[in-house]
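Visitor: These protein sequence lines are chains X and S, in that order. Numbered by the numbering used here, the letters in the first sequence go through residues 1 to 627 in order. Numbered by the numbering used here, the letters in the second sequence go through residues 628 to 1045 in order.
Honestly, the hints are just simulated from the structure, not real lab data. Be aware that one or more of the hints could be misleading.
Not everything, but these chain X residues come out facing chain S in the computed CB check (under 7 Å) [said to hold, decoys possible]:
(1) ILE17
(2) ALA18
(3) GLN29
Residues from chain X shown here face chain S by an in silico Cβ test under 10 Å; the list is partial [as the list claims (entries may be wrong)]:
(4) ARG6
(5) LEU10
(6) ILE11
(7) ALA13
(8) ILE20
(9) PHE21
(10) ILE22
(11) PHE26
(12) TRP27
(13) ILE28
(14) VAL131
(15) LEU133
What follows is a list of derived Cβ distance ranges for each label pair [to be verified]:
(16) X:GLU226 - S:LEU960: 52 to 58 Å
(17) X:SER200 - S:ILE830: 55 to 61 Å
(18) S:LEU960 - X:TYR8: 17 to 23 Å
(19) X:TYR8 - S:ARG976: 17 to 23 Å
(20) X:ALA87 - S:LEU698: 44 to 50 Å
(21) X:TYR50 - S:LEU960: 49 to 55 Å
(22) S:ILE860 - X:LYS113: 56 to 62 Å
From a predicted model like this one, the values you see are computed outputs, not experimental measurements. In this text, a Cβ means the ideal position worked out from N, Cα and C, and glycines have one as well.
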Amino acid sequence: MNFEGRKYVLIAAVLAIAFIFILRLFWIQVVDDKWKASAASMAERKITDYPARGFIYDRKGRLLVANTPVYDIMMVPREVKAFDTTAFAQLISVPLPELRQRMIDARKYSLYKPSVIEKQIPAGQYAAISVHLHKYPGFYGQSRTLRTYPPRVAAHLLGYLSEVSPAKVAADPYYKSGDVVGVGGLEQYYEEVLRGRRGSRYVLVDVHNNIKGSFKEGRYDTLAVEGKDLFTGIDIDMQRLGEQLMQNKKGSIVALDPRTGEVLCLVSSPTYDPELLVGRVRNTNYGILQNDPIKPLFDRALQAQYPPGSIFKIAQSLIALDEGVIKVNTSFPCNKSLVGCHNHPTAASIEQAIQFSCNPYYYRVFERMVEQNLDKKSRFRDAALGLAEWERRMKSFGLGEKPRMDLPSLKGGNIPGPAYYDRKYGKERWAFSTIYSASIGQGEVLTVPIQMANLAAIFANKGWYYDPHVVRAVGEADSVQERYKEKHLVEVAPHWFDHIQEGMRRVVHEAGGTARRARIEGITVCGKTGTAENPHGEDHAVFVCFAPMEAPQIAMAVYVENSGAGGRWAAPIASLLIEQYLTDTIKRPEVMKELLDADLIAREKFFVKKPRSHAADECPRERLRQF
Amino acid sequence: MFMGWANIYSAAYDPDHASIFDQSKEYGKQAVWMGISLTLGGAILLVRGHIFRDWANGVYAFVLLLLALVLVIGKEVNGAKAWFGVGSFGIQPAEFAKYATALALTRYLSGLKALIDFRSRAISTAIILAPVALIMLQPDTGTALVSGAFILVLYREGLSGNILLLGILAAFLAILSLILKESFFDLPFTDKQLSGPMFLLFIIAIIGALAWFAVRNLVVKRMRRRFHAYIVIGVIASAGFIGSLDYAFEKVLAQHQRDRILVMLGQMDDPQGIGYNVKQSQTAIGSGGFSGKGYLDGTHTKFKYVPMQSTDFIFCTVGEEWGFLGTAFVVVLFTVLILRIIQISDRQRSRFTRIYAYCVASIFFLHLTINVGMAIGLAPVIGIPLPFFSYGGSSMIGFTLLLGTLVRLDAERLSQLR
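Working from the sequences, and respecting the hints, build out all of it.
Guide: What follows is the structure in C-alpha cells.
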C-alpha cells in the first residue's frame, strides 16, 4: 500500500500549528497591551527617598531641633526559621501574644515583603537588640529618623511631627498615608521648607523583590531635596530660664529684639517636654496632655486674648498727644465718679498719668479723641468719626489684627472701631458713653501677648517695628527673610515717645512706681504693669518693658494669670530675663528662688471656685479695675 | 543552536558571572554541552549509515537498561529520579530514549511492507511503550508524552487514519466535557437542569438521532445497516468515554496535572499558584511587544519571574527580548526545519531512512507544539524542552543525535538501494 499522500496531513498539521502560534504570538505581543502593563507593574518598583528634615537652630547656633535615628524591627516571613519566640519577645520588649499576632499579620500581608514588627526602638535600646538579631533569621532592623530636642524647651513654639491625617492626604497630593507632617509651631508653618522634597527612584526588582538595578539608567528618577535648616532668633538660655520661672504658673512670656523683630523667647506655661510627643509614646502622651485641666497644649503666647488693661493707656497717650487733643502737661483730676481709681496724687502731666495709671485721666483723654466735634449735628456720627481715626492709629501699633508672624494658629485680639460697634449696637446707636471702657484697655479691647511685646518694642524704638518673627533665616544662616525686612511706622510722631519712655522709666525706677521689683543694678529698665480683668477668678498680671532705655536691645511682655497685680510676679520675672539676656548671668539668686518656689496654679485652685462679687454686678463701673 | 545558547545566557544572566563560558552558571555548562554535542554530531557523520540500522536494537536495549538503572541509582531532581550525576553535570537518559525508540521503531517498520495487521501494530506499540513505561516510573510524564509523536509515524506508515481521527475526536470530547464540567444547563420545556457532561451526552444523542434519520434518507439501502451500527457504537462509546473521563481525570491524573489542564482550559484562574507559570510566561512574552526589549534587557525573564525559564520556558526569553519578530522567527525556523525533514524523508529510497526522518520530524513537531504552546497558554504545562534552545545537555545531545543521524543517512541516500 502506498501512504504517500499521508505526508500532506503531517505537513498540513505542522503548518496549521505554526500559523496558530504566530497568530497567538501576534495577539499577545503586538495587539494586546495588558501583558506589558502587567510586566511593568511586576518588575518596576518606585522607591521613595525621604530627605532628612531640616534642623532648627537658636540665635547662637545651638540646636533646638535635630534628628535622631531609631530602628524598626522588620520581618520577612519567608526567611523566618523556627525560633524561640519567648526569648525574642523579651528581647524586643513586646508581649508574646502581641508578637504572635503581629507575625500572623505580617504573614498575611506578604511572604516576601518586609513588615514592621516593632516600631521606633531608640538607638540605645537597639544596640542591645542588634547583637542578638543574627540569631533570628528573617528579622532585621531598619533605621528611620525621629525628631529630637536637645535642650528640651519651646515645645509650643516648635510644634511636633505626626502622621498625616486622611483629610490632609486627600487635600495635598504630596502626602501619602503614613507620611509625617509638622503639627503646630515652626514644624507646621515651615513644613514645606523643613521637609524638603522627597525623591523617587524607579528600580527593577526580581521575583523575590530584590533590587536589581535602576530602571532605564534612572531616566525617570527625581532627586530628593534635603530639608532646609531654620535659623531662629530664639535664645535657648532665655527660653529655658523663662520656662523655669513660669513653672507652676499659668501665663506667657514673649521677648523680642526691638531692633529686628526677632523673637528671643516665647514661653507659654504650663508647657511640656517636646520629647513627649516623639515616636511611639506620642499618641499616649498627647491624650494625657490634651485631657490635662491646666491645658498644657494651649499656646497662651499666641492664642490667649486678654484685655490689655493699663498698658493700653500708653498707646492712648501717644495717639492723644499726636492728635493734639492733649498736651504733655495736660492735667485731669482723678474723678472717681467717671471710672474707678485708686488713691494717688493728681496727675499733672501725661508722664505722671502713666506713672499713676490714673483711670479718670484716660477716660477724659479718650473722650477728647472720640468727641472731636467733627459732626456738629449728631454726637453719634461724631463719635463714629473720632473713633475711626483712633482705630486707624491704634491698628498701626499692630493691634487688632493677626500678627504677620511665622507661626500658625495666631489670634489677632480686637480693637473695636466704628464698624465693630455698629455691628454690636446698630448704626448711630452708640456714642462715647457707650464705649468709654475702651479708654483704659478694658471692655471689647483684646490683645494677645505677642502684640503686647511688639507694643513694648514700638515704645523702645520710638515709633516703628519689624513684624515679630521666630525664624530669621531659612537655609543660609547669615541671610534674613525678605518679608521681615519691612519696617512698619506707627501713626505717631517719634518725639512723643520720649515722654512715654520717661513715664515707663519712672514706673520701675522711681518711688511710687508699680514695678519697682523689676529694677536691675546698672540697667535702666522701662516698664508698665497692667491688669487683665478676669471674670472667673483673680486677675491676670501683665508687665511690658524694654531695656536698656538708652539703646533698647530687648522688649518683653510677661503675663502671669490669676496673680493679681503685675508688679508682684510679672515684673521680677521680666527683670531676671532681661538680666540674663543683657549680662548672661543672674546676680539675684534670692529673687530667682522666690519665683521658682511660687506655685500659683496650686493657689489658683483655691481661688477658682470663688464666686464673682455681687457688688461688681450691681455697679459695673466698679469692675473696671485700675492699675 | 547558538541562538539557544545566547538566550540561556540572557535568561540566567548574572553580573557576577559575566563570562559566557563560566562553568558555574547554566550558560557556561550549556557551552560545554554544545561542544560535546558538536563533537558527537561530527562523529556521527563519520559513522556509516548501515551501522545505525544494525545497531538500532542494541542502542534501544542499552537505553532501556539505562532507564531501568536510573530508577535505582539516579539522582532525584524536582521529584523525578531521572538523572545520572556527573559532577555538577547531569545526564538524563530519558532524553536519549527518543533517539533509541526512533531507531528501533524505524528498524522494525522498515522490515514491514505496511502497518496493517494486528501483530505489527502490537509490536510497534510495544516498542514505543516500553521506554514510556520506564520513564513514567521516574516519573517524568512530559518526556514520556513525547512518545506520542510516534503515532504520527505509525500513521504515515499505514496506521488507520480513523484511529488518529478517533484520538482527535476523543480529545475534543474530553476538552468539551472538562470545560462544561462545572456548568449547568436548563433543559428546554422542562424545569430540570443538566450537568455539563450530561448536556453533552444529550447533544450527542440528538446528533446521533439526526444522523440516524439522515442515513435513512440519504444512504443506499445496503449500507444503512452498517451506518446505523456506527452511529449506535459512536453514541454509546462517547457516553462511555465521557463517563469514564471524569473518573480518569479525578483518579488517574495527579493533582498538579489536573490543575494544569484546567488552567489551560480557562476553568481555573490562580495566577499566584498553579497558573503562575503560564501567567508569568505570557506576561514575559507579551511585554516584549513587536520588537522586544533588547538582548539582555528583558526584565521579566532576567529577574526570575518565570520559573524554569532557561529550560522549559526558554521561549519567554525570546519573546520578551526579541519581541514578535523573534518569536515569529523561531516558529518559522522550526516549521521550516520540520518541513525540510519531511522533504528529506520523501526523497529517500531507503525505507529505513524515510521512516527515521519521519520520526525526527514528528518528535520536533511535538516538542515545538507543546513547548511553545504552553509558553503562550495554548497547551497545558508539560515539561519538555524546546529543541536546541532549552538548557539541558541530555536533550541537546539527544536532538543532535537525532539530526546528525538523519544527515548521515541522507548523505547516503544515493548509495543505498535497500
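Visitor: Confirm or reject each hint.
Guide: Consistency of the hints with the structure:
no.	hint	in the structure
1	ILE17	holds (5 Å)
2	ALA18	holds (4 Å)
3	GLN29	holds (4 Å)
4	ARG6	holds (5 Å)
5	LEU10	holds (6 Å)
6	ILE11	holds (6 Å)
7	ALA13	holds (7 Å)
8	ILE20	holds (7 Å)
9	PHE21	holds (5 Å)
10	ILE22	holds (5 Å)
11	PHE26	holds (6 Å)
12	TRP27	holds (9 Å)
13	ILE28	holds (4 Å)
14	VAL131	violated (30 Å)
15	LEU133	violated (27 Å)
16	X:GLU226 - S:LEU960: 52 to 58 Å	holds (56 Å)
17	X:SER200 - S:ILE830: 55 to 61 Å	holds (58 Å)
18	S:LEU960 - X:TYR8: 17 to 23 Å	holds (22 Å)
19	X:TYR8 - S:ARG976: 17 to 23 Å	holds (20 Å)
20	X:ALA87 - S:LEU698: 44 to 50 Å	holds (47 Å)
21	X:TYR50 - S:LEU960: 49 to 55 Å	holds (51 Å)
22	S:ILE860 - X:LYS113: 56 to 62 Å	holds (60 Å)
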